[in-house]
Every structure is written in structure tokens, then in C-alpha cells.
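S.K.: Chains as they are written, first to last, in the working numbering: chain A, 188 to 446; chain B, 188 to 446.
Treat the hints with care, since some could be wrong.
Same chains, same names: a pair is fine if it fits in one copy or spans any two.
Claimed, not checked - In silico lysine-lysine, DSSO-like type, Cα no more than 27 angstroms apart, as pairs:
#: 1; residue 1: Lys-313; residue 2: Lys-440
#: 2; residue 1: Lys-297; residue 2: Lys-198
#: 3; residue 1: Lys-313; residue 2: Lys-297
#: 4; residue 1: Lys-198; residue 2: Lys-313
#: 5; residue 1: Lys-198; residue 2: Lys-310
#: 6; residue 1: Lys-269; residue 2: Lys-297
#: 7; residue 1: Lys-256; residue 2: Lys-318
#: 8; residue 1: Lys-440; residue 2: Lys-198
#: 9; residue 1: Lys-297; residue 2: Lys-310
#: 10; residue 1: Lys-440; residue 2: Lys-310
#: 11; residue 1: Lys-310; residue 2: Lys-256
#: 12; residue 1: Lys-269; residue 2: Lys-255
#: 13; residue 1: Lys-379; residue 2: Lys-269
#: 14; residue 1: Lys-318; residue 2: Lys-255
#: 15; residue 1: Lys-385; residue 2: Lys-198
#: 16; residue 1: Lys-379; residue 2: Lys-311
#: 17; residue 1: Lys-310; residue 2: Lys-255
These aren't lab readings, by the way, just hints derived from the structure by calculation.
Number of protein chains: 2
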Amino acid sequence: MRWVRYETNGKAHYGMVEGDQVIEVDGLPWGEHTRTGNQVTVADLRILPPVIPPTFYAAGLNYMTHRKKMAARTGETVVLPKQSDIGYRANNALIGPGEAIVIPRDSAGKLQYEGELVVIIGKKAKHLSEKDALSCVFGYSIGNDVSERIWQRGDRTFWRGKNADTFKPMGPWIDTDVNLDALETTVRLNGKEVSRFKTNDMIFGVEVTISTLTRYNTLYPGDMIWMGTDEPTLDMVAGDVVEVDITGLGTLKNPVIAE
Amino acid sequence: MRWVRYETNGKAHYGMVEGDQVIEVDGLPWGEHTRTGNQVTVADLRILPPVIPPTFYAAGLNYMTHRKKMAARTGETVVLPKQSDIGYRANNALIGPGEAIVIPRDSAGKLQYEGELVVIIGKKAKHLSEKDALSCVFGYSIGNDVSERIWQRGDRTFWRGKNADTFKPMGPWIDTDVNLDALETTVRLNGKEVSRFKTNDMIFGVEVTISTLTRYNTLYPGDMIWMGTDEPTLDMVAGDVVEVDITGLGTLKNPVIAE
Chain A
188 MRWVRYETNG
198 KAHYGMVEGD
208 QVIEVDGLPW
218 GEHTRTGNQV
228 TVADLRILPP
238 VIPPTFYAAG
248 LNYMTHRKKM
258 AARTGETVVL
268 PKQSDIGYRA
278 NNALIGPGEA
288 IVIPRDSAGK
298 LQYEGELVVI
308 IGKKAKHLSE
318 KDALSCVFGY
328 SIGNDVSERI
338 WQRGDRTFWR
348 GKNADTFKPM
358 GPWIDTDVNL
368 DALETTVRLN
378 GKEVSRFKTN
388 DMIFGVEVTI
398 STLTRYNTLY
408 PGDMIWMGTD
418 EPTLDMVAGD
428 VVEVDITGLG
438 TLKNPVIAE
Chain B
188 MRWVRYETNG
198 KAHYGMVEGD
208 QVIEVDGLPW
218 GEHTRTGNQV
228 TVADLRILPP
238 VIPPTFYAAG
248 LNYMTHRKKM
258 AARTGETVVL
268 PKQSDIGYRA
278 NNALIGPGEA
288 IVIPRDSAGK
298 LQYEGELVVI
308 IGKKAKHLSE
318 KDALSCVFGY
328 SIGNDVSERI
338 WQRGDRTFWR
348 GKNADTFKPM
358 GPWIDTDVNL
368 DALETTVRLN
378 GKEVSRFKTN
388 DMIFGVEVTI
398 STLTRYNTLY
408 PGDMIWMGTD
418 EPTLDMVAGD
428 VVEVDITGLG
438 TLKNPVIAE
């Protein structure tokens, strides 16, 4: 099943994608819902980020290549993280597919993409074992963890470096039937492929991350976890167009503009 | 005006406090709302955290004394932050007054309190000057930024050190008529005063913080900003009771228990 969140007449709706049509529903995909009589064509939709989560989790440094390249750049030896220390991102930064990533006025003008798998939670969960971890997952989507590297490195927190408005493109939809091992993530900048990696080749996979998280934090329906990215991450400037594609999950495409 | 959020029959409501009575409303305090015919006595309420925000901001290291003592402990010279780098906390951790702060099973067993002023946003805001910053504020409440210092220092992020379930007590309500300069924050541990400071004696005050934040991030109605704390912050163990009191805003009291 494929779920899309979209806007009509200033209101957000969820709908089920069936071919090139979207069947509007009342309610939430992971809760009670009923089909309304309304139906729209996918191509006509203004698609919104598929979720505005109660809590927005993000795993950092979660791929080997990414980690090794970061270490090489700073002259460090590669020390892989011992445990999955999950961070947070902020809802103010979420935008849907097609919306512009805006470079803030006082940025030096370069942002970097990070193409990521997004896990969307469908059931309240605490103390899940790795074996049972996927039982709370509703589905998967695509995120672009846009980062202003100067702020990311210089500020004490990631507040603007990773969470300025428009820095979290997400979508286009949520797929519920996904084989993680079959996925491949591709990033294109202005149509040219700049990154390709096996999506599930993580240091801490989805099961481990959920099991670790739920030792301390209750996951709620609608929460989401962004799973990190692999290298390379290149600079984007105003006028660029960035696409993140994950096999079978669609393509998240956003232009970059200056404020 | 004083607003409280509470639970009756498994549903969350907002109400206006008038004396020892609460007038239930439909809608949100910062949006359209109407009085319902229902009325309850404050003493009978199960009070909830006053807000589950779209985005949960938190200013760290925002008082002089706190900063100086932390530096002394680590042998550093005091370097005050040059700018207000705001962090994030997570909604899963929010609890109301009276609810137990739970020490997770595999914690060494000591948590610390941080008594904080909470600013609640009532209007969408971007690019506010310091002069206009307070125009987006709906009201104020009290938060206790409970921290597990071993995890806070050892993990790469604050995910469990500051955001494990129950680590963010908040309440008891929201006050809209507040003179910031008249406020004093007091923390009591098992009835004994352990901390007292001028609430508005911040390095980066509410106006500066909002003005800085809104250069990059849009604030939305219901967002909140926790403003940091001053020293000392002592250990709490299972069996303790912690109270944070801010002049005129009430008292936030929570017991500490082991998981």
C-alpha cells in the first residue's frame, strides 16, 4: 500500500495511491480511517511531507563509507560509533517534494544533501527486542537531511545547520510493503548521479535502532526515524535541483533557491 | 489569564482557570475557542503537560552562574557562548505535574533537575526583531529539564541523557500575564531549597532568543522554548520529590522513582 499526504483547499488529507489515482480518506493511515467519496489524480496533487511527527528522530553517522570519509577529512582514525546515539530534527524544517530548499540570507551559500531512508512508526512501542522491532513500523519514505556545514560544525547544536526552514524535504509518499535489502539509494544533482549506495548497509540497522531507542523512549504512531546517509555529500548552490531516489519508494526532487 | 490542559474520560481538554474552577473550552488557547458548559474543580484535575508542541526548542548554557560552575568543574576558563545556539528536546519525554520521573533500568541511578522558564508561542513568526519578539509569545510555564549526566556527557547526542521518557516534566499551566523581571525561580528537593535565581537573568533573554531563532526557523503556534537553568543542579535518586517554583507561575512537583 502507498499513502500520500496532500493539500486541497488549504486542508491536509491522506489518500491511498491506486495507479494514477488517489483515494481520499478520513483519519490516519496508521489509525482508524475510512474512504471518502473523493478521488484525485496524482499528477494534480500538491504533495505535503507525508508526516508531521510528534517526535522526529535522526540517526547520524550510520554508514561506513560516510564515517571513513569524514575521518579522513579531519585526519582522525576511523572509530565507528559503539552504539546508536539518535539525534533529533525539527518539524519547522519539513517541506514536501517540489518545494524549494531555501538558502538563508546569511549563509555562505552552500548546502549539502543527505539522501536518507525514513522509517515511519505505526504503533506505540517500548522495550522492543531486535526480533520484534519491525512490528511497530508502518512504512518507509525518503528524506533529504539538508545541511549547512559551516553552521553544523561551528554552532554548539544543529539547530540552524540542519533545521533551518526548508532543510528537511521529505516524500513523496509512504510505502508499507518494502524489502529493505532490495533497496538502493541514488542521489542526483542537476540530473547527474552523485551518490549510490545499498540503503540497508547501515552500521545500526532499523531493528537495532528501534530496539535501542525503545529501551528509553516510547515511540508513538506518526513518529519517524531518519536513518542517515552514505557519502559523498557535495555542495548545492542556488539554481541546483537535487533528487533522492530509493528503489521502489519513488523520487524526492527539490530545487535550491536563495532567500 | 491562566490556561490548563487536563484529562477527563481519556480525552485532553484546555480550560481557563478562574479561582478554584476550570472552565472547559473547545479549541486551542492561542486559536479560536469557545467555552463549553463544563466546569471542574482544579483540585480534581489530572493535569497534563500544557503543550505538546510541533517543535520543542531548548536553550542550553543560558545563565552565567551555571556556565561558570560547569567550567570550574572541568578546569576550563569561562567562555560565554557568543550566540544563542538553541537545541531540541523530544515530546516523548513530556509529563505533567505529579507524574513520576522514572530512572531507566540501566542508568547508574542519578538524575539531575534543571528548573526552567518555558515560553509558549501563540503566533506564526519569522524574522522578528528583538523589539517585536514578544509579539509572538502566548504565555509562560515551568519546565524541569531532567538530565542523566553520565549519558549526557558520554553519548554523541542528548537523546536519552535528556529525552528518555518522563525526563521533561512541565506545568502546571500557562500564564499569559507575566512580568519577566519580577520572576524568581526556586527549586526544592524533598522540601529543602536547593536553588534560587532571578529567572530573567539570562545570557540570551527571551527577546534575543526569539529574534535569533526566527532568522532561520519559523515559530508556529504551540511551539515552545525552554530557557535554560542556573546552578546548582544536584543528584536526585528514587524516592526523592522535586519542585520547581517560579513566582506567580505556580509549582511543578514530581516524584522520582526507579523503573
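S.K.: All hints, please: hold or fail.
M.R.: Status of the hints after comparison with the structure:
1. Lys-313 x Lys-440: between (34 angstroms within a copy, 25 angstroms between copies)
2. Lys-297 x Lys-198: neither (34 angstroms within a copy, 46 angstroms between copies)
3. Lys-313 x Lys-297: between (40 angstroms within a copy, 22 angstroms between copies)
4. Lys-198 x Lys-313: For Lys-198 and Lys-313, the Cα distance is within 27 angstroms only across copies (22 angstroms; inside one copy 33 angstroms).
5. Lys-198 x Lys-310: both (25 angstroms within a copy, 19 angstroms between copies)
6. Lys-269 x Lys-297: between (31 angstroms within a copy, 23 angstroms between copies)
7. Lys-256 x Lys-318: Neither. Shortest intra-copy (32 angstroms) and inter-copy (45 angstroms) distances fail the 27 angstroms Cα cut-off.
8. Lys-440 x Lys-198: Classified as within: same-chain Cα gap 23 angstroms, cross-chain 40 angstroms, threshold 27 angstroms.
9. Lys-297 x Lys-310: neither (38 angstroms within a copy, 31 angstroms between copies)
10. Lys-440 x Lys-310: So Lys-440 and Lys-310 fail the 27 angstroms test inside a copy (29 angstroms) and across (31 angstroms) alike.
11. Lys-310 x Lys-256: neither (36 angstroms within a copy, 43 angstroms between copies)
12. Lys-269 x Lys-255: This pair counts as within: shortest intra-copy Cα distance 15 angstroms, inter-copy 32 angstroms.
13. Lys-379 x Lys-269: neither (35 angstroms within a copy, 40 angstroms between copies)
14. Lys-318 x Lys-255: For Lys-318 and Lys-255, the Cα distance exceeds 27 angstroms both inside one copy (29 angstroms) and across copies (47 angstroms).
15. Lys-385 x Lys-198: neither (37 angstroms within a copy, 44 angstroms between copies)
16. Lys-379 x Lys-311: Answer is neither: 40 angstroms inside a copy and 38 angstroms across each miss the 27 angstroms cutoff.
17. Lys-310 x Lys-255: neither (35 angstroms within a copy, 44 angstroms between copies)
Of the hints listed earlier, those the structure fails to meet are numbers 2, 7, 9, 10, 11, 13, 14, 15, 16 and 17, in rising order.
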